[in-house]
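S.K.: If you're matching them up, the sequences are chains A and B in order. Going by this note's numbering, the first sequence opens with residue 100, and the numbers climb by one from there. Going by this note's numbering, the second sequence opens with residue 100, and the numbers climb by one from there.
Derived by calculation from the structure, the hints in this document are not laboratory data.
Repeated chains share a single entry, so a pair holds when one copy, or any two copies, can fit it.
Only pairs whose alpha carbons sit at most 25 Å apart, straight line, appear in this in silico DSS-like list of lysine-lysine: (1) K109 <-> K157; (2) K105 <-> K158; (3) K200 <-> K158; (4) K105 <-> K157; (5) K321 <-> K290; (6) K283 <-> K321; (7) K276 <-> K252.
Protein chains: 2
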Amino acid sequence: MGVTIKDIAKYAGVSYSTVSKALRDSPLVKEPTKKRIIQIANQLGYQPNVAARSLVSKKSFTIGIVWPTIERAAHSALITSINKRLEEYGYTTLISINEMKTAIDIFNRYRVDAILVFDDGPERYSSPSSVPIVTYGIAEDPLYPTVDVNRKKAIFYAVDYLCRLGHMKICYIGDLKKRDHLQKEKVEGFKQAVLDCKLETFSGQLIPVNGLEQYDGYVAAKDLLRSEVIPSAIVSGSHDLTRGILQAIHESELLVPEDISIISYDNIPEMNNLVIPFSTVGVPLETITEKLTEVLMDTINNKEKEMSQVIYLEPELHISQSCRPIN
Amino acid sequence: MGVTIKDIAKYAGVSYSTVSKALRDSPLVKEPTKKRIIQIANQLGYQPNVAARSLVSKKSFTIGIVWPTIERAAHSALITSINKRLEEYGYTTLISINEMKTAIDIFNRYRVDAILVFDDGPERYSSPSSVPIVTYGIAEDPLYPTVDVNRKKAIFYAVDYLCRLGHMKICYIGDLKKRDHLQKEKVEGFKQAVLDCKLETFSGQLIPVNGLEQYDGYVAAKDLLRSEVIPSAIVSGSHDLTRGILQAIHESELLVPEDISIISYDNIPEMNNLVIPFSTVGVPLETITEKLTEVLMDTINNKEKEMSQVIYLEPELHISQSCRPIN
DNA sequence: AAATATAATAACAACGTTGTTATTATTGTA
DNA sequence: TACAATAATAACAACGTTGTTATTATATTT
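Kindly produce the complete structure, drawing on both the sequences and the hints.
M.R.: Right, dumping it as structure tokens:
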């Protein structure tokens, strides 16, 4: 069925080892021969068999991405970006949407060169893996080398910015559950900022959501707007929540930022596709991409020793049009 | 690095071929030996090397999914469903988000058993592939066996339903460009229904969008609501557009379905997460999953001859709360 | 022109697995 | 007890590739 180097060899009247070398552009084969072989290979539609190649060379030039939360839009932009970046290094990415443990097993069977795990959610299994793993997500007590965002600082920056604009009554909408470390950190950042900036504290300042989907944000914001104390600004815990919050606000005939200011965690291109370009706080997509790619390459090239186990990325404040000063 | 059957063999004091048979549960190896070997394999964290296995057996039990339009939310639910269904057949799925041609090449190198292409968009390349390909999408002049939705009928049903509710002034929001066959079909269904149901025709009845994202729907609906002729009902060309349309409607302080009825193409679970549960027209997710899985399995088992090149799925009307009768 | 150095190609082992064939151990039968 | 029949295990080739080693063809030196 598939064309092999032996087919090419027969066709070209050379040995198959010569074909192998010719296709890998080895200097050990004469230029005209090389050219002729490549020509024949193209003509026959040859595709190297990854299985055979990686069996002997122990390299697959493939990175497995574990992405169980396929619905999370925030990640699709990042994955697209990483895929493109890795391509420049000659690496291909393959994605599995199975749960973490299963996906890691699959990629181990495929002997990919490294695995990148998008580690949302509080469930965590350590899976025995002979393939090196890098995670993007939870830095607390990491099972593997991890790239993480300094979420606490991110939310701190958000509040600080609003404070500098003159806002005194600020709410946070996000996951308040204790067990989810990712979300907990953000809450801590918020509390810290409220304290440091000497802002008002009031009951109902921290608004919980049931999940991290758009709808959860909608419901939470709806509740908030129904209450008597309406803040002058809201900090939203994630992109998807923000969309829901916006929905609720529009239904209440309020305008952003005239009537209420919002700033969102998550710094992805989609933030500009909202009704108004959004002010955000978070690590720019390219920065995450760069760092993750770098860590992956270092891991593959056995530079783990020189790497620290956890890398924190510094968030940035991105000012756009969703917040206005209070006079 | 990785544990091989030879390691297990050494450990168990048997030949590696016995290990191979034991792990594949062959009757040729004695029960106690088998048990002991499996025990050791687990203990050592053995993962079979897919490369070696598929090299000799010419089977990988893997299906490659080509999904260049990773951002399209509508597909993520379908892919999740298919992944789960194929698992029941003992197949693993791997996803590539590279452009169609590249992705097909990659999966050919990996010698997956079949490739499933999500073929949105008008750009189409035929790539030489020794691995069988099935596409979900464009049935017109298909390059490979294709599963498609009868979109024309779907939109027809939508209009017909609105008509039976008494609506006379109905708009269609969607892509009107000539070159995109997927979208063109829907427009045809709309025109046909308007004719057959003897509905009003008026200028501005067909509202074009620039893309298929939420924002495109928002802009289009915004335009519509600014014009003097506001219809009593809207047919939306896709889930993402619908979200945008809803946004615009809420901003105009109109209510669905009290002030305006909407029905949307696309029949995915997310439709229930909108502000109100949505009436839709389309093929239920499970039906698509079932058919795609069936076609993939048939393709792998060389039953192409018995298969027709194009399979049209029949859409269904799903009535929920986004449309109301006109009295 | 013969001997040697070098360039080009061919041959072969290895990677980890499976399926087939060969060998050895254990029965059952006369 | 000896012999065949069968059960259990071992040995080996093959899959398509790469890297190393062996062979042959060509160029260089004297």
